[in-house]
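Q: Sequences are here, hints too, so could you generate the full structure?
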Amino acid sequence: MTTEAATIGLTHGGSEDTGLGHRGPESKSIVVPYGFWLFVLSDMVLFSALFASYATLVHATDGGPTTNELFDRGLVAVETVALLLSSFVCGLAMITAKRGNMVWTQAWLVATGILGAVFLGIELYEFATMVGEGAGPQRSAFLSAFFTLVGCHGLHVACGLLWLGTMMAQIWAKGFQQHIIRRLLCFSIFWHALDIIWVGIFTIVYLIGTLPA
Amino acid sequence: MTENEDNLLDVAPGAPHNNILSESVAYIIGLALALILTGVSFWVASTGVLWGPGIATGLVVLAIAQIGIHLVFFLHITSGPDNTNNVLALAFGVLIVFLVMIGTIWIMAHMNANMMPDPALTNLQMQH
Amino acid sequence: MFGRLTWDAIPFHEPIPLITSLVVLIAVGAIGFWVWRKGWWPYLWNEYITSTDHKRIGVMYIVLALLMLVRGFADAIMMRAQQSLAIGASQGYLPPEHYNQIFSAHGTIMIFFVAMPFVIGFMNFVVPLQLGVRDVAFPTMNNVSFWLNASGALLVNLSLFLGEFARTGWLAFPPLSEKAFSPGVGVDYYLVALQISGVGTVLTAVNFVTTILKIRAPGMSYLRMPVFCWTALASNLIMLAAFPVLTVALAQLMLDRYLGFHFFTNDGGGNSMLYMNLIWVWGHPEVYILVLPAFGIYSEVAATFSGKPLFGYRSMVFATMVICIVSYCVWLHHFFTMGAGADINAVFGIASMIIGIPTGVKIYNWLFTMYGGRVRFTVPIYYLIGFMLTFVIGGLTGVLLAIPPVDFIVHNSLFLVAHFHQVIIGGVVFALMAGYTYWFPKAFGFTLDERLGKAVFWCWFIGFHLAFMPLYVLGFWGGTRRMQHISDPSWAPWLHVAFLGAVIIGIGIVLTVVQLLYSIKTRDQRRDVTGDPWDGRTLEWLTLSPPPHYNFAVLPDVHGEEAYWTRKQTAIKEERLIDEPNYQPIEMPINTPTGVIVAFFASVCGFAIIWYIWWLAILGLIGAFAIFVWYAWQDEHEHIIPVDEVRKNARERRRIRMEHLHTISQST
Numbered sequence: 001m002t003t004e005a006a007t008i009g010l011t012h013g014g015s016e017d018t019g020l021g022h023r024g025p026e027s028k029s030i031v032v033p034y035g036f037w038l039f040v041l042s043d044m045v046l047f048s049a050l051f052a053s054y055a056t057l058v059h060a061t062d063g064g065p066t067t068n069e070l071f072d073r074g075l076v077a078v079e080t081v082a083l084l085l086s087s088f089v090c091g092l093a094m095i096t097a098k099r100g101n102m103v104w105t106q107a108w109l110v111a112t113g114i115l116g117a118v119f120l121g122i123e124l125y126e127f128a129t130m131v132g133e134g135a136g137p138q139r140s141a142f143l144s145a146f147f148t149l150v151g152c153h154g155l156h157v158a159c160g161l162l163w164l165g166t167m168m169a170q171i172w173a174k175g176f177q178q179h180i181i182r183r184l185l186c187f188s189i190f191w192h193a194l195d196i197i198w199v200g201i202f203t204i205v206y207l208i209g210t211l212p213a
Numbered sequence: 001m002t003e004n005e006d007n008l009l010d011v012a013p014g015a016p017h018n019n020i021l022s023e024s025v026a027y028i029i030g031l032a033l034a035l036i037l038t039g040v041s042f043w044v045a046s047t048g049v050l051w052g053p054g055i056a057t058g059l060v061v062l063a064i065a066q067i068g069i070h071l072v073f074f075l076h077i078t079s080g081p082d083n084t085n086n087v088l089a090l091a092f093g094v095l096i097v098f099l100v101m102i103g104t105i106w107i108m109a110h111m112n113a114n115m116m117p118d119p120a121l122t123n124l125q126m127q128h
Numbered sequence: 001m002f003g004r005l006t007w008d009a010i011p012f013h014e015p016i017p018l019i020t021s022l023v024v025l026i027a028v029g030a031i032g033f034w035v036w037r038k039g040w041w042p043y044l045w046n047e048y049i050t051s052t053d054h055k056r057i058g059v060m061y062i063v064l065a066l067l068m069l070v071r072g073f074a075d076a077i078m079m080r081a082q083q084s085l086a087i088g089a090s091q092g093y094l095p096p097e098h099y100n101q102i103f104s105a106h107g108t109i110m111i112f113f114v115a116m117p118f119v120i121g122f123m124n125f126v127v128p129l130q131l132g133v134r135d136v137a138f139p140t141m142n143n144v145s146f147w148l149n150a151s152g153a154l155l156v157n158l159s160l161f162l163g164e165f166a167r168t169g170w171l172a173f174p175p176l177s178e179k180a181f182s183p184g185v186g187v188d189y190y191l192v193a194l195q196i197s198g199v200g201t202v203l204t205a206v207n208f209v210t211t212i213l214k215i216r217a218p219g220m221s222y223l224r225m226p227v228f229c230w231t232a233l234a235s236n237l238i239m240l241a242a243f244p245v246l247t248v249a250l251a252q253l254m255l256d257r258y259l260g261f262h263f264f265t266n267d268g269g270g271n272s273m274l275y276m277n278l279i280w281v282w283g284h285p286e287v288y289i290l291v292l293p294a295f296g297i298y299s300e301v302a303a304t305f306s307g308k309p310l311f312g313y314r315s316m317v318f319a320t321m322v323i324c325i326v327s328y329c330v331w332l333h334h335f336f337t338m339g340a341g342a343d344i345n346a347v348f349g350i351a352s353m354i355i356g357i358p359t360g361v362k363i364y365n366w367l368f369t370m371y372g373g374r375v376r377f378t379v380p381i382y383y384l385i386g387f388m389l390t391f392v393i394g395g396l397t398g399v400l401l402a403i404p405p406v407d408f409i410v411h412n413s414l415f416l417v418a419h420f421h422q423v424i425i426g427g428v429v430f431a432l433m434a435g436y437t438y439w440f441p442k443a444f445g446f447t448l449d450e451r452l453g454k455a456v457f458w459c460w461f462i463g464f465h466l467a468f469m470p471l472y473v474l475g476f477w478g479g480t481r482r483m484q485h486i487s488d489p490s491w492a493p494w495l496h497v498a499f500l501g502a503v504i505i506g507i508g509i510v511l512t513v514v515q516l517l518y519s520i521k522t523r524d525q526r527r528d529v530t531g532d533p534w535d536g537r538t539l540e541w542l543t544l545s546p547p548p549h550y551n552f553a554v555l556p557d558v559h560g561e562e563a564y565w566t567r568k569q570t571a572i573k574e575e576r577l578i579d580e581p582n583y584q585p586i587e588m589p590i591n592t593p594t595g596v597i598v599a600f601f602a603s604v605c606g607f608a609i610i611w612y613i614w615w616l617a618i619l620g621l622i623g624a625f626a627i628f629v630w631y632a633w634q635d636e637h638e639h640i641i642p643v644d645e646v647r648k649n650a651r652e653r654r655r656i657r658m659e660h661l662h663t664i665s666q667s668t
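Chains as they are written, first to last, in the working numbering: chain F, 1 to 213; chain G, 1 to 128; chain E, 1 to 668.
A few of these clues could be false.
[What the hints assert, rightly or not] Heads up, simulated DSSO-like pairs for lysine-lysine below, C-alpha to C-alpha not over 27 Å straight-line:
1. Lys-174/F - Lys-98/F
2. Lys-521/E - Lys-98/F
3. Lys-28/F - Lys-214/E
Treat the hints as calculated values from the structure; they're not laboratory data.
A: Following this line, the structure appears as structure tokens:
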């Protein structure tokens, strides 16, 4: 659309005062990731409400188990490294995808998915153990808040894996078209953002929760 | 105007740089820094040599630093002029996140202090 | 197999909902049949239901809002009738459990399914036109957003036929809304419907913030955007950041109800005060989501009909953005009495008064816009003046309520009810009616009848004051809100006056329908030929009425604050249009049934969750995912409008404009 305006001599030469306005509408390669970035920020606000609920309810244990009795730092460390590596590998997949390298892109995406699945598996194992010990989300307000906060992050990871699988199939079937690259970029934004939220979770929930009282 | 010129003036959030070497280097630096900060966080939380009451605050600071690393090296949010809109949106998001969290925690702490019945008291009432 | 759903769900033994249900079902069936007989279904399907055109989607939002307005108003007049009947010995005609459902449904519907779609509808219709572009950033997502909203509205209204609605008030405060005290499906209808429409709202917010920041005509820099676009930007930023918090609060309540969590329960360490806190973190910004675009509409109307540029454009923009931020710093004033303590109450009380300052700036700006202007007293200007009179009083009662000690006396009273109706009807509804009259010719190519429009205004204006001024008095006397029965007979005259007011508003709503039908019937005499019926100042009046699908043959080139006004004045002065540009083919998004199918699966899934039909819920989710993948697999999302067609339409517009120009230059 900008090209059209330029050919008919209607665009301003860039000397106009403020904003991006002088160039007319942005191209899709800017607009789509920007919109997704806004969505991710709105997701961050969602998590901020969950964090705030957790902070409010963390001592409402109703006589049940407390943070120090439940959390295992070793498992969390493994989870953290798995998710961090997954995020890193996803970045590598973006680099190869931009250059249209099918084999490496798929390989890095598989690695992203496996590391994500490791993370999710450990989290499910932790949840199952806790429920088995009678520390399920129905036990106390603290545990409700814990399972909701961490579980919501886990749900995001699970949805991310579903998206990743669909994305890989699409790249395989259709190759690196413009709009598919854009979607892959959106996925990588999503995946990095989940890592950011996990930094908040392992710090506030697990590390601060297991400091000696 | 071509796509490339557009990119010079405004970039999408998360879009990698154009040079394969600098891209990979950015990710590797980011990964290294993130791993170091994570390690420091776990160490700070486990060691006994630091001043106890300050640890929680220190951990939050480390987390914020690590979030910054992720934003810059993985999501490529920088202070460059091409990034203004992305940074503005991020600033708005961060502002709201802090308002929601600090406001809620502050309000709820006061509510709990003023309004929640003492557990001992509730137990007494239940016995009657 | 069908969870909780049994034949008992149909209200056979309650005549009022049963008869209403039957009437509504017959009416919907009859309209559907009539449309089919006329052979209009393919047209509706192609031009509206599956449309990705922002103008069509905007119209659909507004139709939804008007339909829901009728439903919400029916609830309102039933409440007013009950309160003016059930005084002293009489018990009225509504039993308490039914009355409670009605006030809950009234609030829920009016905010979520009248005010929100109405406002979003205007943003859809107007923003891309005012920015001088062809569509929003994500046209398909726009269609999906609308249908998800409609899905929420459908579920709320379904509660009339099957089961019941919440009896908990429009925000469903726990512990009353917990499973222990509200075991029925009512609260579940509420929760599920709002979650579905909430998803749609967040997508809308993403769409419009992106559109306004990234998609504008060449030369349309930030400080040249019309004020309505600025207010739309602020409103959508608030939506983007506030709705996730609502999602969290409602999701936590759902977890309590469905899975036995303990967020807000009385036992297990739950804390119901947390729900109030979270819901108002969303709830207060929500007020500004609605009222900021309303301010935008008043700004457009004031400038156009005063024949002057808006007074203090930059201060208006600044005030809007200040409100956008400060709206996040005042939420506690909704629960001063819950016990946060004097210091917190003071902070939030002062913040609530501070937010009145930018609002006051705006009022002065509109006054000074009209001052010295050549004001044309059309229907929108009537609403503007009515708004300023009404809203200032409503704002002042708000400042009263922002003083914590005063709030302790009048909180939860009819005084509060009068206050928020005064700002919402006086502020938002008047703006929506003004906008409806103002932009109707742009949407359909003919104006609405002026005389009937003024009659509608007077009905709203007089009806509103009769209906709500008595409530201030009763509030001071200690009348609490949501009373099904009034024991003090001396209140009777005030309540009767309030009922009369509601009846007059009802006449206004009927007259709105009459105005629409009459205007359609006489449309040939009221055609808007030029595309600029009000001598407008912003870009939507540059194109024809109704605009072509692509809005502008060539994106307009913007050279100043009032894009279209400048261009028009130059044309009049030079007695010629700008040189004919070199037309190009235009790429536009194609129609898609994605939105309506996703909303279908969302409705099915939501319905199944409400009634505990788990297999159906899973089917619904799978269906929604499948349609997304199907959509993602399509390669063609755009079609090309050939250059010949663009040129032909554009030349026709230029011919009309030239003729118009000659008439103007001859008359001056």
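Q: Does each hint hold? Answer for all of them.
A: Here is how each hint holds up against the structure:
Taken as a hint, the Lys-174/F and Lys-98/F pair is honoured in the structure, with Cα atoms around 15 Å apart against an allowance of 27 Å. Simply put, Lys-521/E and Lys-98/F have alpha-carbon atoms about 58 Å apart, too far for the 27 Å limit, and the pair is violated. A hinted pair counts as satisfied when its Cα atoms are at most 27 Å apart, and Lys-28/F with Lys-214/E qualifies at roughly 10 Å.
The structure fails to meet hint 2 from the earlier list, while all remaining hints are met.
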